[in-house]
Amino acid sequence: MKEIKIKYLNDDITRLEYIDGKSDWIDLRAAEEVELKAGEFKLIHLGVAMQLPEGYEAHIVPRSSTFKKWGIIQTNHCGIVDNSYCGPNDWWRMPVFALRDTKIEVNDRICQFRIQKNQPTLVFNEVEEMEANNRGGFGSTGTK
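In the working numbering, the protein residues as written are 3 to 146.
Fair warning: there could be bad hints in the mix.
Said to hold, decoys possible - Straight-line C-alpha distance at most 27 Å; calculated DSS-like pairs for lysine-lysine:
id : residue 1 : residue 2
1  : K105      : K71
2  : K71       : K24
3  : K105      : K70
4  : K7        : K24
5  : K39       : K105
6  : K39       : K71
7  : K105      : K7
8  : K70       : K39
9  : K24       : K4
10 : K44       : K24
11 : K70       : K24
12 : K9        : K24
13 : K9        : K105
14 : K44       : K4
15 : K7        : K119
16 : K70       : K44
17 : K119      : K24
18 : K44       : K9
19 : K105      : K4
Stated by the list, open to error - Simulated restraints, written as ranges between beta carbons of each label pair:
id : residue 1 : residue 2 : range
20 : I75       : I8        : 35 to 43 Å
21 : G41       : M132      : 42 to 50 Å
22 : E42       : E130      : 48 to 56 Å
23 : H61       : G23       : 18 to 26 Å
24 : L45       : K70       : 36 to 44 Å
25 : K119      : N91       : 23 to 31 Å
26 : L45       : D14       : 17 to 25 Å
27 : H61       : G41       : 44 to 52 Å
28 : L124      : P90       : 20 to 28 Å
29 : R65       : N127      : 21 to 29 Å
30 : A40       : D84       : 30 to 38 Å
31 : C80       : E130      : 46 to 54 Å
32 : K24       : P122      : 26 to 34 Å
33 : S25       : I75       : 28 to 36 Å
Hint data in this document are derived by calculation from the structure and do not stem from the laboratory. The beta-carbon is built from N, C-alpha and C at its ideal position, and this holds for glycine as well.
Construct all of the structure, not just a fragment, from the sequences and the given hints.
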């Protein structure tokens with residue numbers, strides 16, 4: 003089991019919990035009330051700062067209901083937090099763009115994260131030809 007040091011913005015923030023057997027993803031919540039008009043951008047404070055284990059990074063993505071409930075999309079699709087982002091003011095945030103007017107309340111579950119091991123060192127070996135079968139190019143899976 004990996005231990006993660008966590009700092010909360012205040013006592014209003016619901017504490018994170020890992021629910022074994024339910025999902026590997028852990029919900030993150032808005033730490034502030036946010037009102038957005040269609041077309042506005044905001045970095046929504048998630049109310050936590052964490053020190054991830056060495057060799058791990060966090061992937062932050064919207065929950066499946068986020069767009070339906072609030073009409074927001076995460077602008078960079080997937081936020082990556084590496085283990086060096088762990089200072090006392092390295093608060094986690096979610097960059098969002100509103101497609102409709104919306105209001106998000108404190109503790110609304112707007113995104114989720116999981117930690118993963120860092121990618122191993124890779125070596126790229128340039129070749130003249132690929133030896134595998136041709137699948138037909140991008141977007142061709144399942145077509146005949």
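(request) Return the numbers of the hints above that this structure violates; sort them in rising order. (result) The structure conflicts with hints 7, 10, 14, 19, 20, 24, 27, 28, 29, 31 and 33, although it agrees with all the remaining ones.
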